[in-house]
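Undergrad: Residue strings, one per chain:
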Amino acid sequence: MAERSATHGRNVSREFLEERAKFVRLETVRLTKIAGAGHYSSTFSAAELLACLYYGQLRINPAQPDWADRDRFVLSKGHIAIGLYPILADLGYFDPKLLDDYTRLGSPFGDHPDMKKIPGCDFSSGSLGHGLSVCLGMALAARPQKRDFRVYCMLGDGELNEGQVWEAAMAAGHFGVQNLVAIVDANRLQIDGATADIMGVEPIHERFAAFGWDVQRIDGHDIDAVLGAFDTLPSGTTGRPQMIVADTIKGRGVQMMELSLNWHVGNLVGRDYDAVIEEIKAGLKPVAATEVRP
Amino acid sequence: MSNEEGAALSGLFTGISDLKESRSVKGTPASRLPAFVLGEELGDMADRDPRVIVMTADLASANRTTEFRDRHPERFFDFGIAEKNMITAASGMASAGMVPYAATFAAFCAILCTEQIRTDCAYTNLPVRVLGHHSGMSMGFYGTSHHALEDIAMMRTIAGLTVVCTTDANHLRAVLRSSLDHPGAMYIRMGRGRDPEVYAEVPDITIGRAIRLREGSDLTIIATGAQVHAALEAANTLVEDGIQTRVVDMHTIKPLDEAEIRAAAAETGAILTVEEHNIIGGLGSAVAEVLVECERVPFRRHGMPDEFALIGPPAGLYAHYRLDAPGVTAVARELLGRG
Numbered sequence: 001m002a003e004r005s006a007t008h009g010r011n012v013s014r015e016f017l018e019e020r021a022k023f024v025r026l027e028t029v030r031l032t033k034i035a036g037a038g039h040y041s042s043t044f045s046a047a048e049l050l051a052c053l054y055y056g057q058l059r060i061n062p063a064q065p066d067w068a069d070r071d072r073f074v075l076s077k078g079h080i081a082i083g084l085y086p087i088l089a090d091l092g093y094f095d096p097k098l099l100d101d102y103t104r105l106g107s108p109f110g111d112h113p114d115m116k117k118i119p120g121c122d123f124s125s126g127s128l129g130h131g132l133s134v135c136l137g138m139a140l141a142a143r144p145q146k147r148d149f150r151v152y153c154m155l156g157d158g159e160l161n162e163g164q165v166w167e168a169a170m171a172a173g174h175f176g177v178q179n180l181v182a183i184v185d186a187n188r189l190q191i192d193g194a195t196a197d198i199m200g201v202e203p204i205h206e207r208f209a210a211f212g213w214d215v216q217r218i219d220g221h222d223i224d225a226v227l228g229a230f231d232t233l234p235s236g237t238t239g240r241p242q243m244i245v246a247d248t249i250k251g252r253g254v255q256m257m258e259l260s261l262n263w264h265v266g267n268l269v270g271r272d273y274d275a276v277i278e279e280i281k282a283g284l285k286p287v288a289a290t291e292v293r294p
Numbered sequence: 001m002s003n004e005e006g007a008a009l010s011g012l013f014t015g016i017s018d019l020k021e022s023r024s025v026k027g028t029p030a031s032r033l034p035a036f037v038l039g040e041e042l043g044d045m046a047d048r049d050p051r052v053i054v055m056t057a058d059l060a061s062a063n064r065t066t067e068f069r070d071r072h073p074e075r076f077f078d079f080g081i082a083e084k085n086m087i088t089a090a091s092g093m094a095s096a097g098m099v100p101y102a103a104t105f106a107a108f109c110a111i112l113c114t115e116q117i118r119t120d121c122a123y124t125n126l127p128v129r130v131l132g133h134h135s136g137m138s139m140g141f142y143g144t145s146h147h148a149l150e151d152i153a154m155m156r157t158i159a160g161l162t163v164v165c166t167t168d169a170n171h172l173r174a175v176l177r178s179s180l181d182h183p184g185a186m187y188i189r190m191g192r193g194r195d196p197e198v199y200a201e202v203p204d205i206t207i208g209r210a211i212r213l214r215e216g217s218d219l220t221i222i223a224t225g226a227q228v229h230a231a232l233e234a235a236n237t238l239v240e241d242g243i244q245t246r247v248v249d250m251h252t253i254k255p256l257d258e259a260e261i262r263a264a265a266a267e268t269g270a271i272l273t274v275e276e277h278n279i280i281g282g283l284g285s286a287v288a289e290v291l292v293e294c295e296r297v298p299f300r301r302h303g304m305p306d307e308f309a310l311i312g313p314p315a316g317l318y319a320h321y322r323l324d325a326p327g328v329t330a331v332a333r334e335l336l337g338r339g
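From first to last, the protein sequence lines are chains A and B.
For the record, in the first sequence the residue sitting at position 280 is 280 according to this note's numbering, with numbers rising by one throughout.
For the record, in the second sequence the residue sitting at position 119 is 119 according to this note's numbering, with numbers rising by one throughout.
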């Protein structure tokens with residue numbers, strides 16, 4: 001069995017992870033400009049989570065993307081692949097220059113990720129509700145192979161509307177798949193409005209607990225809290241599946257987008273583009289909105 | 001056939017093991033029927049290959065994967081009545097190095113889970129083997145909810161997905177063995193598990209290559225699945241009319257053996273396709289797509305008309321829709337103007 005320590009180590013500082021989250025947001029803005037449209041706000045809500053996972057937690061080796069003992073990460077909310085690609089490039093899975101043709105004809109990189117074309121992408125996604133089942137299968141596959149890798153799955157809170165999520169949640173509890181770690185980016189919005197208004201999913205933590213999961217609920221923009229949640233994950237493949245409900249703000253990091261329904265898909269141009277770049281570079285300001293805005 | 005016999009033959013009784021000693025179908029002993037070899041063959045494969053995983057969705061007793069479960073409990077997963085989760089989880093397993101065989105009624109894998117098969121198994125090009133048993137209308141009076149007369153059409157439009165229909169028990173064994181190292185995802189369509197014997201021994205098959213079972217110059221019947229048996233019986237009867245019939249087991253629907261179809265068009269006088277599937281989109285459509293680009297011959301697609309089946313036991317339905325040997329014989333005569 002492989003050592004359970006992140007390849008990139010937990011020696012990374014909070015400041016470094018904040019910088020990487022900033023990098024995710026900046027690249028999201030840059031790549032969206034290339035494509036002409038992109039998922040800004042649901043990527044921004046997950047920026048700290050993605051940074052903490054890839055730079056502080058996952059047991060991976062970019063020089064060996066198919067390493068059998070690696071931890072897996074499945075982006076079930078595949079529409080934020082735009083935030084994942086820059087991390088994979090930064091870690092060395094592929095040449096960052098490839099992203100300059102993001103979504104152009106023949107590019108490996110679409111709005112939703114394709115595992116066949118992208119080194120480091122553990123599974124294709126895009127159709128919401130599938131990822132937790134994928135991860136369940138991956139995590140179960142560790143047993144007959146006597147491996148101890150973990151499988152991390154990131155879902156959106158709106159995604160929890162999908163019935164298949166609950167089939168997988170039930171089965172994960174039933175099979176006692178302890179090496180399965182689900183993270184819900186609970187950013188409170190889905191396309192048509194507040195998740196609470198469109199199809200209520202709360203209390204997420206109680207629902208998963210009732211399905212047999214160990215559940216933590218944290219501030220998904222607080223890097224210390226995210227790393228702290230990772231630190232409490234148990235080792236071993238059998239026991240209880242692990243859920244981290246991360247309370248986040250959709251659009252976090254760009255105040256005009258925070259909890260705004262207007263920025264699920266968008267395209268910044270002209271002075272707006274330049275202003276947003278500057279705002280992200282300056283770092284997180286206090287949250288601009290506590291309620292959903294039209 | 002009585003309804004009781006129909007129920008028994010559909011293989012749903014969990015006490016089906018009692019049938020093993022007492023029933024035979026068209027001279028085929030029960031022990032040589034597909035229902036009784038699936039779990040055994042998969043178990044044998046798992047003995048030799050650590051990648052083999054078997055999954056089902058609360059139907060282990062109907063598809064007899066119970067035998068696999070008893071022999072390899074650590075590699076057997078019953079997902080309960082949650083087929084979409086099972087198919088997608090199979091893709092996750094496959095991505096982590098396993099070769100999962102996920103078995104349930106064709107209605108509940110191919111039809112219910114078409115998107116999971118497309119997006120998670122085929123698009124990813126992973127070695128998931130979806131086993132759709134009790135396909136067609138072999139569930140008889142359980143009705144349309146449990147029939148799969150559309151699955152070939154749905155599966156064969158999915159890019160990169162291999163689609164194979166099994167003919168009998170020995171053919172099922174051959175397909176399973178061939179599937180182990182076959183690239184990409186597969187949909188393996190099985191009948192009700194009580195399909196009469198066509199192959200006395202496990203045939204040497206190549207996925208994508210049809211099997212010519214009988215020579216003839218007047219007509220070619222291209223059949224798939226259990227209809228191959230009916231086609232052979234029909235061919236024997238047609239001899240009495242002076243009609244020499246070639247019979248082709250087109251077990252692989254995709255990739256299709258186009259050369260065998262062209263040969264039939266060039267060398268025999270007419271082509272009849274026979275399948276337990278809606279005539280829209282299945283084997284007949286696939287063959288027609290080839291024929292319109294080559295030599296024209298009298299051609300007819302025979303299968304389920306574009307309607308939902310009546311209620312009835314399987315044998316009654318096959319007779320009604322002319323998918324048994326007398327029915328296929330009659331349709332062949334019509335095609336050749338001898339009706």
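Quick caveat, the hints were computed from the structure, so don't treat them as lab data.
Among the clues, some could well be false.
To be verified - Distance condition first, Cα-Cα at most 20 Å in a straight line; then the derived EDC-like pairs of lysine to aspartate or glutamate:
1) Lys-146/A - Glu-293/B
2) Lys-146/A - Glu-289/B
3) Lys-116/A - Asp-47/B
4) Lys-116/A - Glu-115/B
5) Lys-146/A - Asp-49/B
6) Lys-117/A - Asp-101/A
7) Lys-254/B - Glu-215/B
8) Lys-33/A - Asp-274/A
Quick caveat, the model's predicted, so the values are computed rather than measured.
Undergrad: Now tell me, hint by hint, if it's right for this structure.
TA: Comparing the hints with the structure gives:
no.: 1; hint: Lys-146/A - Glu-293/B; result: 53 Å, violated
no.: 2; hint: Lys-146/A - Glu-289/B; result: 48 Å, violated
no.: 3; hint: Lys-116/A - Asp-47/B; result: 31 Å, violated
no.: 4; hint: Lys-116/A - Glu-115/B; result: 18 Å, holds
no.: 5; hint: Lys-146/A - Asp-49/B; result: 15 Å, holds
no.: 6; hint: Lys-117/A - Asp-101/A; result: 14 Å, holds
no.: 7; hint: Lys-254/B - Glu-215/B; result: 24 Å, violated
no.: 8; hint: Lys-33/A - Asp-274/A; result: 11 Å, holds
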